[in-house]
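If you're matching them up, the sequences are chains A and B in order. Quick note: my numbering has the first sequence finishing at residue 494, numbered continuously throughout. Quick note: my numbering has the second sequence finishing at residue 494, numbered continuously throughout.
Calculated from the structure, these hints are not laboratory results. Take these hints with a grain of salt, some might be off.
Chain copies aren't distinguished; within one or between two, either way the pair holds.
When the alpha-carbon atoms are kept at most 27 Å apart in a straight line, the in silico DSS-like pairs for lysine-lysine are as follows [to be verified]:
{"id": "1", "residue 1": "K458", "residue 2": "K448"}
{"id": "2", "residue 1": "K458", "residue 2": "K236"}
{"id": "3", "residue 1": "K448", "residue 2": "K437"}
{"id": "4", "residue 1": "K271", "residue 2": "K302"}
{"id": "5", "residue 1": "K271", "residue 2": "K252"}
{"id": "6", "residue 1": "K465", "residue 2": "K370"}
{"id": "7", "residue 1": "K302", "residue 2": "K465"}
{"id": "8", "residue 1": "K252", "residue 2": "K302"}
{"id": "9", "residue 1": "K271", "residue 2": "K458"}
{"id": "10", "residue 1": "K236", "residue 2": "K423"}
{"id": "11", "residue 1": "K448", "residue 2": "K257"}
{"id": "12", "residue 1": "K337", "residue 2": "K288"}
{"id": "13", "residue 1": "K236", "residue 2": "K302"}
Residues per chain, in single letters:
There are 2 protein chains.
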Amino acid sequence: MIFKEIVMIGAGNVAQQLAKSLWQKGHRIVQVYNRTQRKGEHLAQQIDSTAVSRYKALYRSADLYIIAVKDDAIQAVSDQLSSVLQSSQMVVHVSGATPSTVLAKHFERYGIFYPLQTFSSGDPMDFNQIPLCIYASKAEDEVNLLSLAEQLSEFVYRLDDTQRTNLHVAAVFANNFTTHLFHIAQQILEKEDIPFQILMPIIQKTVSKLTSLSAKDALTGPARRKDFQTIQKHQSVLDTYPAFRAIYDELTDSILQTYPNT
Amino acid sequence: MIFKEIVMIGAGNVAQQLAKSLWQKGHRIVQVYNRTQRKGEHLAQQIDSTAVSRYKALYRSADLYIIAVKDDAIQAVSDQLSSVLQSSQMVVHVSGATPSTVLAKHFERYGIFYPLQTFSSGDPMDFNQIPLCIYASKAEDEVNLLSLAEQLSEFVYRLDDTQRTNLHVAAVFANNFTTHLFHIAQQILEKEDIPFQILMPIIQKTVSKLTSLSAKDALTGPARRKDFQTIQKHQSVLDTYPAFRAIYDELTDSILQTYPNT
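Taking the hints into account, I'd like the entire structure generated from these sequences.
Below you can see the structure in the form of structure tokens.
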């Protein structure tokens, strides 16, 4: 094991899941840092670690520091870390939306360890099935990070900052926005006393199709087949839902433009 | 069996799947009508039936006529049927987007037998898991249609025209539009040489969450947590994709409005 001693900064969802997975694979999390001592201790107890809540108490000779805090706190944490660590120490963060370069101000050896998944509290994740996106400023560190990631997950990708930012945007379309569309569908059904359950088979089919067809080929429906009569019917149904109607029109236009000749 | 003799009008995807399922459950499809004789015969051969391609040759004393043709042809088929059938005969169509009343012009006993699924050619469906939406103009026929549907599927719903039209709109959001978002995500990834495969775990999680959480509660991401810094980053990534940027903004605004206080 290249990174013999790891310090986890943060004790939220991602920090917990990642620290436990690393510990289960035999890695030593020498310390958990968290602003709230008790929250840090709660995690530390589960992984034979100790918790600290002040940067001055931070263990200073770990091989890897993992910043697993909210995106908007990463810069501040990095600033704090620089007051107790050497610039030659290895620091990574786990964010999809934050460039690795926010760490470059203080550290020469920095990188990314980004698990692409939607984490919910109290919902233990099988890291084995979570894609891990890796990057490091130094080639040698990257080799080691990649090998660490491969111990946790079957799906390890090497992505630079531009790739990872684009991936994060793509994930917003594929996860957040689709969930919002499910919520819109649910509201339309609720008003008609139809249980959302009725849509689950078609939703599951929508996703399972992607294993055999490209999304482009999988698309069906009125906009795909240029069935303007049905589109007009839908638009009049949506006259009572102006907010949904705007989304319907935007996405319908986009589909019409995507399949111009069919 | 109440509907002892059934005639299937059409031999496309839905007609094929439905006719085969009915036949497998022991129902007798006495005839398949299709404009193209050969296509009708292909289906008829698989279900011990015979095919005709002229309305004059239509079997006139069946208990149920199922119109399973494209939406925009239903009215014309109904007109043709009226030239050979009695107005007291039972006629249903299988469309989600077409009101049952298009059949009322010629028939007193009309109804709906609408399977809510995305049908693709050559992809045999297990009707058992497909929601069937039933309606009939006469209460007694509806009882019989419901019992026919229950032989095919675990999930049978009684929906009137307004409910079914709203369901069809909801399904466009939950199936067509989500598929289009997956396609957008794929295009963003392709330009960065990232395989779409990387998104499959988060997409699967997005759907499996719906079994334990409402879509409203399941939503995560920058718009949900009012992370305007990340939203701005995403918008600048999307500056090179104006069409996607418009969809991003529309859906982000809708999420911001849906969760005003969080």
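We went through each hint and held it up to the structure:
{"no.": "1", "hint": "K458 x K448", "verdict": "within (15 Å within a copy, 31 Å between copies)"}
{"no.": "2", "hint": "K458 x K236", "verdict": "neither (60 Å within a copy, 38 Å between copies)"}
{"no.": "3", "hint": "K448 x K437", "verdict": "both (15 Å within a copy, 21 Å between copies)"}
{"no.": "4", "hint": "K271 x K302", "verdict": "within (15 Å within a copy, 60 Å between copies)"}
{"no.": "5", "hint": "K271 x K252", "verdict": "within (15 Å within a copy, 59 Å between copies)"}
{"no.": "6", "hint": "K465 x K370", "verdict": "between (58 Å within a copy, 25 Å between copies)"}
{"no.": "7", "hint": "K302 x K465", "verdict": "between (44 Å within a copy, 16 Å between copies)"}
{"no.": "8", "hint": "K252 x K302", "verdict": "within (19 Å within a copy, 54 Å between copies)"}
{"no.": "9", "hint": "K271 x K458", "verdict": "between (55 Å within a copy, 24 Å between copies)"}
{"no.": "10", "hint": "K236 x K423", "verdict": "neither (57 Å within a copy, 37 Å between copies)"}
{"no.": "11", "hint": "K448 x K257", "verdict": "neither (39 Å within a copy, 35 Å between copies)"}
{"no.": "12", "hint": "K337 x K288", "verdict": "within (20 Å within a copy, 83 Å between copies)"}
{"no.": "13", "hint": "K236 x K302", "verdict": "within (26 Å within a copy, 65 Å between copies)"}
When each numbered hint is compared with the structure, violations occur for hints 2, 10, 11.
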